[in-house]
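Build the full structure now, drawing on both the sequences and the hints.
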Amino acid sequence: MAEPTGPGTRFSDTEYRVCSRMRLRVPLGSGGTGPRCRNQRSGDPAEEAPPGSESGECSKPLDADGFHALTCRVGGLVIRRHHSLRDAFAWIGRAAGYVSSTEVLEPSWTRARTNARGEWVVEQARLDCRFLGPPDDPLVYGDVVVTHPEGSAWLHAAADVDGAAAAGAADGKHRRYPAWALPGGRLVAFAAETFGRWGSETLDWLRGAVDAVAEVDPQVAAAGHWGKVALLNAWHTRLSVALQKGNAACLLQAGKVRSGADLAGGTGWEEDIEDLLRDAAAAAGARGLE
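Using our numbering, the first residue of the sequence shown is number 946, and each one after it goes up by one.
Keep in mind that the hints were calculated from the coordinates and are not lab data. None of these values were measured; they are calculated from a predicted model. It is possible that part of the hints are untrue.
Label pairs and their calculated CB-CB ranges [stated by the list, open to error]:
#1 E1002 to E1160: 27 to 37 Å
#2 A1057 to T1016: 20 to 30 Å
#3 E1160 to A1057: 41 to 51 Å
#4 H1101 to S1046: 33 to 43 Å
#5 R1058 to Q1164: 45 to 55 Å
#6 G1129 to Y961: 19 to 29 Å
#7 G1153 to D1032: 12 to 22 Å
Dumping the calculated EDC-like pairs for lysine to aspartate or glutamate here, alpha-carbon to alpha-carbon at most 16 Å [to be verified]:
#8 K1005 to D1032
#9 K1173 to E1160
#10 K1173 to D1149
#11 K1173 to D1162
No residue lacks a Cβ here, since even glycine has one placed at the ideal position from N, Cα and C.
Put into structure tokens, the structure is as follows:
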């Protein structure tokens, strides 16, 4: 559990309650505001247009588990969650000594494709992050993707294999940005699942960034292995909090939840959470006695 030492690791009470319910799989209520998504189109070209809604409101049905709210591309909050992770990775890259840039066009990955109307269009490759580094790894691009393991594309695979949704999303990034098209450079797919699991490429990149810091920072180097562990944990904390705060914003906005009071309406969820926490503590204690 991250200590709330600053804005980057602090949740509001409402955010914490929403994230706790999501983490413990307690059904999410919409606070009596109706069963339909209240997201309003923001005008961002990356978001979807709300289908058949003159008001610009999404109006698709909300579900108790928050699936629609976590994936709705109307209103821009899914995009904002993505951008917060992009900025966190760029910050980590700078801390590791890389020259970090965001939203970078890479001509080598520009391609022509047909759109839904059968017309040929040119699709530019705009990558979330670019890291210029040492001679042995001079050019690395990072592209963020957040996927929901309960989506239809990943549901069965995610039930069978831990991290299958993140791995599948990373594979999609590599199909879009193939290695053969960029000699001397490589792509790292910063893939995450909404519940918090990170893809293996992300974890490997973070470990490499920690090693890079240890080579130039005497304080981290002097602490040895545990210095690296502390730094890696700090970065994981920032990324995890950014992801979960983004999830909370999506869930709250879709149902127009204003405060924690909107979440407490007669579902008995507080008692459910207390029971779950009590069972988890008992299980942990039993394992410690084995």
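For this structure, which hints from the list above don't hold up?
Those not satisfied are hints 1, 6 and 8.
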